[in-house]
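Student: Given these sequences and hints, build the entire structure.
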Amino acid sequence: MHGPGHAAAQSRPQVAPDGRGAGGAQREAIRHPRGRRRPPEARRAPRLRHLQPARGGERGHRRALPRGASRVHARALLGGARAPGDLHSRLRALPEAAAAPPRHRRLLRRGAAARRVRRLLAALACGLAAAALAAQPSPGAATRVQAYFTPGDDVAAVIAGRIGAARHSVQVQAYLFTHRGVAAALARAARRGVTVEIVGDAKQHEAGGLPVLAGLARAGARVWLASDYAAFHNKVVLVDAGTSSPVVVTGSFNFTRSAQEKNAENVVVISGSPEVARRFARDFERHRERASRLQ
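Counted the way the numbering used here counts, the sequence shown spans residues 257 to 551.
One or more of the hints may lead you astray.
Estimated spans, in silico, between C-beta atoms of each pair [claimed, not checked]: (1) Ser500 - Pro467: 50 to 60 angstroms; (2) Asp484 - Arg423: 24 to 34 angstroms; (3) Ala378 - Ala421: 16 to 26 angstroms; (4) Gly420 - Leu376: 42 to 52 angstroms; (5) Gly464 - Lys518: 29 to 39 angstroms; (6) Thr499 - Ala387: 55 to 65 angstroms; (7) Thr399 - Arg371: 40 to 50 angstroms; (8) Glu541 - Arg513: 21 to 31 angstroms; (9) Ala470 - Leu384: 47 to 57 angstroms; (10) Ala520 - Cys382: 52 to 62 angstroms; (11) Ser548 - Leu384: 40 to 50 angstroms; (12) Arg478 - Lys518: 29 to 39 angstroms; (13) Leu376 - Arg423: 35 to 45 angstroms; (14) Arg372 - Gly476: 58 to 68 angstroms.
Hints in this document: simulated from the structure, not taken from any laboratory.
For each residue, glycine too, the CB sits at the ideal point set by N, CA and C.
Tutor: Structure representation (C-alpha cells):
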C-alpha cells in the first residue's frame with residue numbers, strides 16, 4: 257500500500273530533477289577514481305529522469321544523456337593511464353597525443369615535398385622555354401628578301417655567289433642551262449663535298465638547250481630529266497635546305513647568257529626562311545621522283 261505522501265508525489269510534474277537529499281552530501285565526499293576529490297566545476301550536472309505515473313514507478317534503469325565529453329576520450333588524449341601528477345604535466349602530453357601518426361607525417365611531408373618539386377620543375381620549364389625563345393631568331397628579323405633585274409644587275413654573279421657559299425646542298429631546277437659561270441660554280445661545290453642535284457627539262461636537253469648537264473654529272477652532280485610536262489619551266493636554285501640559314505633563288509631568269517645580256521628578267525633571293533625553303537624542297541623532291549636519272 258502507498259501512503260498519502262506517495263500519492264501526493266505522483267500528482268507532481270512527470271519530469272523532476274534528481275534530488276537525492278542527504279545522499280548528495282555523501283556523494284560530494286566520493287573521491288575521484290584517481291584519488292582526488294573532483295572539483296566542484298567538474299561534477300556532473302543533475303540529469304533528467306523519467307517518471308512513470310501508473311505501474312512502473314520511477315524508471316531509474318535508463319541512463320540519462322551524457323552531459324560532457326567522454327572520460328575515455330579525455331583519458332586517451334591524456335596519453336592513457338598515467339601516474340597521478342599535476343594537471344600541467346598531463347596537459348603537456350596533449351600535443352604529442354594529438355599529433356599525426358608517423359605514417360601520416362611522412363605522407364604530409366611527401367606531399368609538401370612533391371609540391372615544392374612541381375613548383376621548381378615549372379619554374380625550370382618556364383626558364384628553359386624563355387631561353388629557347390630568346391635563342392631562336394625571329395622569322396621576320398632573320399628573313400631577307402632581295403630583288404635583282406636584267407638588264408642592269410649581274411644576276412649570274414649573284415647566283416654563282418650563293419652557290420659558292422653553300423655548305424650542305426644545292427638543288428637546281430632548270431628549263432635552259434647554257435651559262436658556263438653558273439655551271440662552274442656548281443662543279444666546284446660538288447668537288448668540295450656539297451650535294452648537288454639538278455632536274456632539267458628533257459625536251460630542251462634533247463634539243464641541246466642544256467649542254468652543261470653532262471659535264472656536271474661527271475663532276476659529281478646528280479642530274480635528272482623531267483619529261484612529264486609540256487615544259488619544265490622552273491628556274492630555281494635552293495641552297496642548304498633543311499638548315500636554319502637556307503637561300504632560295506627564283507624568278508624568270510634562265511641560266512643562259514641571253515637572260516643576262518639580252519633579255520628583261522628578274523630574280524628574287526630569299527635568305528633565312530626555313531619555311532619557304534621547305535616548300536621549295538618538297539617541290540623539288542616531287543619532280544625528282546617523277547624524273548629519269550641522266551646516265
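Student: The structure should be examined with respect to each hint, and the outcome stated for every one.
Tutor: Here's how the hints hold up against the structure:
Taking the beta carbon of each, Ser500 and Pro467 are about 36 angstroms apart, not inside 50 to 60 angstroms as hinted. Between Asp484 and Arg423 the beta carbon distance is about 32 angstroms. The supplied range of 24 to 34 angstroms therefore holds. Between Ala378 and Ala421, the C-beta spacing of about 43 angstroms breaks the proposed range 16 to 26 angstroms. Taken as a hint, the range 42 to 52 angstroms holds for the pair Gly420 and Leu376, whose Cβ atoms sit roughly 50 angstroms apart.
One distance hint, 29 to 39 angstroms for the beta-carbon pair Gly464 and Lys518, is violated here, with the actual separation near 18 angstroms. Between Thr499 and Ala387, the C-beta spacing of about 21 angstroms breaks the proposed range 55 to 65 angstroms. A hinted range of 40 to 50 angstroms holds for the C-beta pair Thr399 and Arg371, which are about 44 angstroms apart. For the pair Glu541 and Arg513, the beta carbons lie near 30 angstroms from each other, so the given range of 21 to 31 angstroms is met.
At roughly 53 angstroms, the beta-carbon separation of Ala470 and Leu384 lies within the given 47 to 57 angstroms, and the hint holds. Separated by about 55 angstroms at the C-beta atoms, Ala520 and Cys382 satisfy the suggested range of 52 to 62 angstroms. The hint said 40 to 50 angstroms for the Cβ distance between Ser548 and Leu384, and at roughly 49 angstroms that hint holds. Checking the proposed 29 to 39 angstroms range against Arg478 and Lys518 shows it holds: the Cβ atoms sit about 31 angstroms from each other.
For Leu376 and Arg423, the Cβ-Cβ distance of about 41 angstroms falls inside the hinted range of 35 to 45 angstroms, so the restraint holds. Between Arg372 and Gly476 the CB atoms are about 60 angstroms apart, so this pair conforms to the stated range of 58 to 68 angstroms.
When the structure is compared with the earlier hints, violations turn up for hints 1, 3, 5, 6 and for no others.
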